[in-house]
Amino acid sequence: MAFQVAVHAPVFPGCAHELRTVIAGLPTGAASPFAAIAGTHYARLVVAEGVRGGTVLVCSAVTDAPEEEFLVGLLTRTADLPDRVWSLCPGWPGQVDVPRAAAWLKQHVVRPTLAFCTHDAPLDRVQEALALRARLIAFAPRAQDLAPADLQAAFLQEFGP
Amino acid sequence: MTRITIDLADVQGNVLRPFAYPLAAYAFLSVGDVDAARAWLRSLLPSVTTAQPWAEKPEVTRTLAFTCAGLRALGVGPDVLRSFPAAFVEGMAARADVLGDTGPSAPTHWDRPDGEAHLLLTVHTRSFERLGEEVDALRAAVAGHGLEVHHVESAHRLLEGREHFGFVDGMGQPAIAGVTTAPPSQGSPPSHWWQRGWQPLAVGEFLHGHADNDGVPGPAPAAPFDRNGTFMVYRKLAQDVAGFRAHVVDQAGRRGLDPELVAAKLVGRWRDGTPLVLSPDQPDPRIAGDPARVNDFRYADDEDGYRCPIGAHVRRTNPRDALGFGAAITGRHRMLRRGMPYGPPLPEGVGDDGHERGLIFVAFVADLVRQFEFVQASWCNDGNAFGLGADCDGVLGGDAGSGKMTVQGDPPWFVSPLGRFVTTTAGAYLYTPGMRALRTLAEEGAS
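Protein chains in written order, with the working numbering: chain P, 2 to 162; chain C, 117 to 563.
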């Protein structure tokens, strides 16, 4: 079971470019600040202009952690990321005050009706499945010229009975 | 139907319609003295070729484009420069990771940093003699005018319009509403059931200041660059012809197939241009030779890729209706390609002769990221959009991805391993302004 989390926070007028620059400078992949929150399948920050007449910072994630646990992880495990991005939003209390910052984030939570990705399995099962898929993809071209008996033997050797 | 009005006198030539000359020279220049450089620009303006129809094809054409550094060097102010998209400001070399220009294609290996040049003068003509005269005249003209010729690349059409791997190239150009009177199949398949035939693309997909396929003008730079200008993608792509041929023969030998079939499966067309989806077993000169038929095909009827592999080069770069919603998706990612091969052709049966050869890839787009970078990154260098996992383009190859190409069939088979047959050796993002903007630039810099 995975959860979808989305936080939509208005941005101070004129700060969209600065916010985009901050986000563009964030590391991605395994070095992403979001990777420090256990059970994160996927997470991203997007600056959306022209939303209700202004600019909105969208933080969306699919995670094994329930919403509140994910938000606390965001505030405590991603170094200074929250202050760097949400300090450009009106009312941000600062991440040093975790309960108030978490409450502020919850005020800006919206309920997603369509997720970028969703899984019925926890992250470790998804990663296991992806690793198996990668092995199968690597095996297929290697084995494509084998005779049926040799193919079966190679398959069993690679993946077990 | 809305009448589309384009001031062709304000649009530089070769953008909306190809010049179709056999020879080209790409002269990259650097600005030293801004006033002297503007004076040279003013002297050149009357001979810059526009998109206006010709009464008679001229002996020579000249068009101009500028890098971000070039606009800055010519006095374009910071407020105007900020209105250009980040990809243009950063330049192509800085976008290497997005574009897959890694390994031997990494900018650190490029011939020269074209993005550091300031402007590109492209000359098209019919004879090598005239091309040489033009380049000599340019060198003489800029001497003492605050400009320096960074370097010059020349390119020339090969026999039958083929590129160096031997395939007829440049057939699938998009038709543009209000501009192109090309065969109807040069557009995009209809997006809605009530539309019939092929739909031309909106001019705003390629020119700023006009409605695009979304029905409204897309993002454009600030005035005076807000109308009738376009971004130009310039890439020098070296082709390993001997390597490609050997790879095709090797892969065919492993499967007991005709090497021509393997080559066609990689590309998605037979060498003469016959689309695999129309003729999967052999080239058909009746199709290849008929402009009304050679592009009149769709992929929705070949959903499984049994005729044309889903990951074939031409199907990736223009999936037509394969992604659903008619052409609504594909139509947002098209490019006007105006490239030309460079270097001598490698005769059949000859191994690598040490000469460099390849393609000067030139494309015009209104949006560098949505059009060029998206096609390169999401459709050529990845297979996810097509349900192909990490498979990447089997012709462009490279080190990324799964290292294989899947050829759907009964049974399917794999081209594996993939080689690297195309290497980026130079590149730049440039802006091709409209004529009014060009005049402003030449006179006062546009601050």
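By construction, these hints were calculated from the structure, which means they are not laboratory data. Careful, some of the hints might be misleading.
Computed from the model, here is a short list of chain C residues facing chain P with C-beta under 10 Å [unchecked claim]:
1) G503
2) A516
3) D526
4) P528
5) W529
6) F530
To give a feel for the contact side, a few chain P residues facing chain C, derived at Cβ under 7 Å [as the list claims (entries may be wrong)]:
7) I138
8) P142
9) Q145
Just the calculated beta-carbon pair ranges, DEER-fashion [as the list claims (entries may be wrong)]:
10) G51/P <-> T121/C: 23 to 33 Å
11) P220/C <-> R126/P: 36 to 46 Å
12) A257/C <-> H18/P: 35 to 45 Å
On a predicted model such as this, the values are computed, not experimentally measured, just so you know. Note that CB positions come from ideal geometry on N, CA and C, so glycine has one too.
Hints violated by the structure (numbers, ascending): 1, 2 and 3
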